[in-house]
Amino acid sequence: MNVLDYTAVGLGKAIAKGETTAVEAMQAVLAQIEKTEQEYHCYVTIDAEAALARAKAADEAIAAGTLTGPLAGVPVAIKDNLCTKGTLTTCSSKILENFIPTYSSEAVVQLEKAGAVMIGKTNMDEFAMGSTTETSAYGVTKNPRNPEHVPGGSSGGSAAAVAANECFFALGSDTGGSIRQPASYCGVVGMKPTYGTVSRYGLIAYGSSLDQIGPLCKDVTDCATIMEIISSYDKKDSTSIERKDTDFTSALVDDVKGLKIGIPRDYFREGLEPEVKEAVLNAAKQLEAKGAIVEEFDLSLVEYAIPTYYTIAAAEASSNLERFDGVKYGYRAKEFEGLHDMYKKTRSEGFGPEVKRRIMLGSFVLSSGYYDAYYLKALRVKALIKKAFDEAFAKYDIILGPVAPTTAPKLGASLSDPIKMYLSDIYTISLNLAGLPGLSVPVGTDNAGLPIGVQLIGDCFEEKKLIRAGYALEQAQKGQVE
Amino acid sequence: MANVISDETIEYVGILAKLELSEEEKEAAQNDMARMLDHIDKLSELDTTGIEPMSHVFPVSNVMREDVVTNGDDSENILKNAPEEKDSAFVVPKTVD
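Protein chains in written order, with our numbering: chain A, 1 to 482; chain B, 1 to 97.
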């Protein structure tokens, strides 16, 4: 078996059994990167020498018996908005072109403690603002399933790296769909956990009330295993939640009997590609055949999620990105007259167009005279959206729908019209507003061979139901192929 | 477009955002913002009288801790990231005459 064909958990087992080593796995990944990275451009930073040294250290700890666990020795890719001590962290922005964090994000610390070995940092939309990974200041990432298409975003580099076997799994972050949508476009599994489950400490903030870190990986077993490791209560993140139910791998059972699944009619109206619709409804049928109870219902308020989201996300972004001022880290303009001019020139030269667009919008909706009409209004609608989900979850265990209205668009097709790009987030963003967990699982391809994902949505803290359904779905898909 | 963003407004937002936009960027920003606000205006269709603004989905409150230093002094590495530093301090342009 080619070592690259292992899932993360499969590789962990093989390493534990002595069938391969962390160094061999890292060498295989680096050789694959050598072969395909020039075309796909999944990474912004790779330090092969350091990665191999870390793998060697992992092998030694495994041999000594001090490092055990399912992901010990497994190479991982990290999205470039997660701080990594001593390793360049740019958020794919010019303004952080030379930033070397002095500490690692808590999720990375948890992974390292479990023995996962970092390969490098993956490309993303600048500051996670975008749905295609084309707003990166360091070039676009291409979809390994078809390089004429985008990988999705903003965690496009992470999703593409998994799809291209340039890593065994990756971490991403999801503010409005940035894990689930690229996972869907690249044909991999991705999960956004319940808000507060994974510490945001060391995640460079975009929309703090919406951001959540999660895995991108080859299958649902990997997803549950990674989730178990990165979920932690962290005093350094004041929104971190202490959970006692993070034994996610216990939900890896092929049994959905009696599980109540609701399909929102509102998700299947205009704009949804027929092939996506068919694949998603087929997934519902597969779960039904395994004993789940599937019903259609009206979720309501779906069309209000996008304006609510962009108001809140832009407001939080404008506030969070104030810290990039050319004083403490990152880029500073070369020529300026005085302090304020230095701030302005630094930020204007350092940020790309999409980031500036959102900072401007956010500054406007928070400004005196508009705060009530826009920002507070959006927070009120957010409460209504949350209530609509509460009502749905009183009836259903899981909501099932598409991840995105289409498969991956062609490179260059989305950026010309920001509103159109924002509209493609329609099925994913409401989860961030309501804090809900969501799982994207591949369920087929369109006639051009581009992957289609189904989104399983759970009530807060109900990741296990998603993992159970996702696992059952995966088993059904396997049955179909064989 | 229902919303029109005046030159003064874009100037004012630029000050708030600490961004210096070129004439071309300004025009694009006016256009983009007006279109976004047209889209956001959809929210006014909903009656939200009596609905409390929801800033956080869970009933959380501030997490307090004692003001005790638990991490070590890493100022040397932190300052390495500074565009300009001198004598263990960040250097900024002169702000007072």
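Hints in this document: simulated from the structure, not taken from any laboratory.
Keep in mind that the hints are not guaranteed to be accurate.
Claimed, not checked - Which residues of chain B face chain A? A few of them, derived with a C-beta cut under 8 Å, are:
(1) Ala17
(2) Lys18
(3) His39
(4) Lys86
To be verified - In silico lysine-lysine, BS3-like type, Cα no more than 27 Å apart, as pairs:
(5) Lys94/B x Lys420/A
(6) Lys345/A x Lys26/B
(7) Lys328/A x Lys42/B
(8) Lys18/B x Lys334/A
(9) Lys257/A x Lys236/A
(10) Lys386/A x Lys42/B
(11) Lys260/A x Lys478/A
Yeah, the Cβ is synthetic: ideal placement off N, Cα and C, and Gly gets one too.
Hint check:
no., hint, result
1, Ala17, "holds (4 Å)"
2, Lys18, "holds (5 Å)"
3, His39, "holds (5 Å)"
4, Lys86, "violated (13 Å)"
5, Lys94/B x Lys420/A, "violated (45 Å)"
6, Lys345/A x Lys26/B, "holds (15 Å)"
7, Lys328/A x Lys42/B, "violated (40 Å)"
8, Lys18/B x Lys334/A, "holds (17 Å)"
9, Lys257/A x Lys236/A, "violated (40 Å)"
10, Lys386/A x Lys42/B, "holds (18 Å)"
11, Lys260/A x Lys478/A, "holds (23 Å)"
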